Amino acid sequence: MSHQIWIESRREGNPTGTIDVVAEGPSQQPQLFPGIQPPVPLRADSPFEVIYITVLDGGYWILKFNKPSGRLTQIVPRLPQGPRGWWHELHCPNGAGADKTIKIGVIDEALPHQEPGSSLAHVVNLGGAAWKGPVNKNRAFQSLGNHHGLAVCSLLTARPAHPDGFEGIAPNATVYFCAAGSDTDERLNPTRLANCIDLLASPDYECDIITFSSGDGDRPLPNIEIAMEAAADRGTLCFAAAGNKGGSPRFPAKYPDCLAVAALGRAGLAPKNTQEEEDERLSTSLPNGLFFWHASAQGPGVEFLGAGVAVFRTEPSGGTFAMTGTSAAAPIVAGTAALILGEDATYQSLGRTRERVNHAMTALRANCQNLSAGAQMGPLVAP
Amino acid sequence: MSKYVVSLTRAGRRQNLQSQLEGALVQTKGVQILEGFGQNSLTVLIPDRVVDDLRSQLKYATISDFYELDLL
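Protein sequences appear in the order of chains A and B.
The first sequence finishes on residue 466 if you use this note's numbering, and the numbering steps up by one all the way, no holes.
The second sequence finishes on residue 109 if you use this note's numbering, and the numbering steps up by one all the way, no holes.
For reference, chain A alone in the conformation it holds in the complex (with noise of 0.2 Å):
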């Protein structure tokens, strides 16, 4: 069957450019059809499921359509413009603070090397470092998708040179980055990953802090626990992404010296059409104009809720794009852990073992406000 679709989408506030557009079928890979001049009729031999229309260099919204017929007519709605964002003002309402004592420690697949001025350059980029074996160490500077460690480590501590860029939730905190990247695709080896976390907490780096956003495993991964344990013992916080598949967190999410970040939004934000809208639409309200993401892991085991909906990170290429996941909550909510423990004086007092810990949570959850009881009491956000 022949299907036919017509498309005019311009952008706001700049009538000329190109803008690609995706299309997804019930039988079919998706087809991209770039550089569109609209109008512009699409056709495919099966009906389209989704369009996506997208501008690829940054600051628009994507737009997406659900069953297209028809003719669609959207101009393009702009991003909201930096540097602080809505994120900022729920976990840091005071600003970015004196948070340079504090080091975090980013695991992702791979983050590229980056040029002076870059909005990472100040990030230490450790890239395999905690590789030990016949590996091409090269694969740690280059990701095998979409840059998922550029975009962590952008919420995390972006310093965008144009005043219009978002910046990071803790642009000043000292940060370390370690690749884990598989060698055949865009996700974690889980021996990497372990000893990259035994790497940052060692007494070489000394981090406060370690963040990774990777994990929905569906079996245990008990070299990661113990990874996790072990640098507990020496004083360091690991938080990671809760997850993505609903449910209870996963491994490595699950196990106990790991703090599992879900996934919040804020109401009324996104534009009509947009996958935060749909986002929006499915997931239940929470007091203070929030809501709980439908797609986050949820329940027992989730230690804190972080920004996790319609954030906006600028990469060093000054593109500014929206991200969802409890990918991007981990790192909000470590930097937002950084920046309180930047100013505990105790905390930074106590040596390098568990009671560093044990302090370090008696402290963040006194900072947390409880959104079940509706009680606005710190920056962090207990579930």
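Honestly, I wouldn't trust all of these hints.
Stated by the list, open to error - Mimicking DSSO-like on lysine-lysine, the simulated pairs with C-alpha atoms at most 27 Å apart in a straight line are:
no.	chain 1	residue 1	chain 2	residue 2
1	B	Lys66	A	Lys147
2	B	Lys66	A	Lys186
3	A	Lys147	A	Lys328
4	A	Lys147	A	Lys186
5	A	Lys328	A	Lys150
6	A	Lys147	A	Lys183
7	B	Lys96	B	Lys40
8	B	Lys40	A	Lys215
9	A	Lys355	A	Lys186
10	B	Lys40	A	Lys220
Unchecked claim - Selected chain B positions facing chain A (Cβ under 7 Å, derived; list incomplete):
no.	residue
11	Arg47
12	Gln64
13	Thr65
14	Gln69
15	Gly73
16	Gln76
17	Asp85
18	Gln94
19	Tyr97
20	Thr99
21	Leu106
Just so you know, these hints were derived from the structure itself, not from any lab.
Because the structure is a prediction, the values reported are computed rather than measured.
All residues carry an ideal CB built from backbone N, CA and C; glycine is no exception.
The hints should help you fit chain B onto chain A, whose structure is shown.
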């Protein structure tokens, strides 16, 4: 032959048994360490028929399935 993750337990870490673990693995016929030399966590190729024996021998190590984690 399958890929596994072999890791020192907490007690094994305290006793710094990394080299002892590597020695026990390489002395087992058909076992090949792929990554993690000198570290607490290793990627190892192990013949399926010897996995259970290794598990029972290595009291200070865990052996678990190797699978990669999704980015979230």
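Verification of the supplied hints:
1. Between Lys66 (chain B) and Lys147 (chain A), the direct Cα distance comes to roughly 55 Å. Violation of the 27 Å bound is thereby established for this hinted pair.
2. Among the hinted pairs, Lys66 (chain B) with Lys186 (chain A) is inconsistent with the structure: their alpha-carbon atoms are about 44 Å apart, more than 27 Å.
3. Taking the CA atoms of Lys147 (chain A) and Lys328 (chain A), the gap is about 21 Å. The hint holds against a cut of 27 Å.
4. Restraint check for Lys147 (chain A) and Lys186 (chain A): not satisfied, since their Cα atoms lie roughly 39 Å apart, outside the 27 Å limit.
5. At most 27 Å may separate the alpha-carbon atoms for a hinted pair to count; Lys328 (chain A) and Lys150 (chain A) meet this at roughly 24 Å.
6. Note on Lys147 (chain A) and Lys183 (chain A): the hinted pairing is violated, with a Cα-Cα distance of about 40 Å set against a maximum of 27 Å.
7. A threshold of 27 Å between alpha carbons decides the hint, and for Lys96 (chain B) with Lys40 (chain B) the separation of about 20 Å falls inside it, so the pair holds.
8. At roughly 17 Å between alpha-carbon atoms, Lys40 (chain B) and Lys215 (chain A) fall within 27 Å of each other, so this suggested pair holds.
9. A distance of roughly 40 Å separates the Cα atoms of Lys355 (chain A) and Lys186 (chain A); the hinted pair therefore is violated under the 27 Å criterion.
10. Straight-line distance between C-alpha atoms of Lys40 (chain B) and Lys220 (chain A) comes to about 20 Å, which keeps the hinted pair within the 27 Å bound.
11. The criterion of a C-beta within 7 Å of any C-beta in chain A is met by Arg47 (chain B), whose closest approach is roughly 6 Å, and the hint holds.
12. Of the supplied interface hints, the one on Gln64 (chain B) is violated, with its beta-carbon coming no nearer than about 19 Å to a beta-carbon of chain A, more than 7 Å.
13. Because the smallest distance between the Cβ of Thr65 (chain B) and any Cβ of chain A comes to about 18 Å, over 7 Å, the interface hint for this residue is violated.
14. Residue-level restraint check for Gln69 (chain B) is violated (minimum Cβ-Cβ distance to chain A is 11 Å; threshold 7 Å).
15. About 5 Å separates the beta-carbon of Gly73 (chain B) from the nearest beta-carbon of chain A, less than 7 Å, and the hint is met.
16. Here the hint on Gln76 (chain B) is kept, as its CB sits about 5 Å from the closest CB of chain A, short of 7 Å.
17. Contact between Asp85 (chain B) and chain A, as hinted, is not supported at the beta carbon level, the nearest pair being about 16 Å apart and thus beyond 7 Å.
18. Hint on Gln94 (chain B) is violated. Least Cβ distance to chain A is approximately 17 Å, over the 7 Å limit.
19. The criterion of a C-beta within 7 Å of any C-beta in chain A is not met by Tyr97 (chain B), whose closest approach is roughly 11 Å, and the hint is violated.
20. For the restraint placing Thr99 (chain B) at the interface with chain A, the shortest Cβ-Cβ distance is roughly 4 Å, inside the 7 Å limit, so the hint holds.
21. Among the interface hints, the one on Leu106 (chain B) holds; its C-beta lies about 4 Å from the nearest C-beta in chain A, closer than the 7 Å criterion.
Of the numbered hints given earlier, the model fails hints 1, 2, 4, 6, 9, 12, 13, 14, 17, 18 and 19; all others are met.
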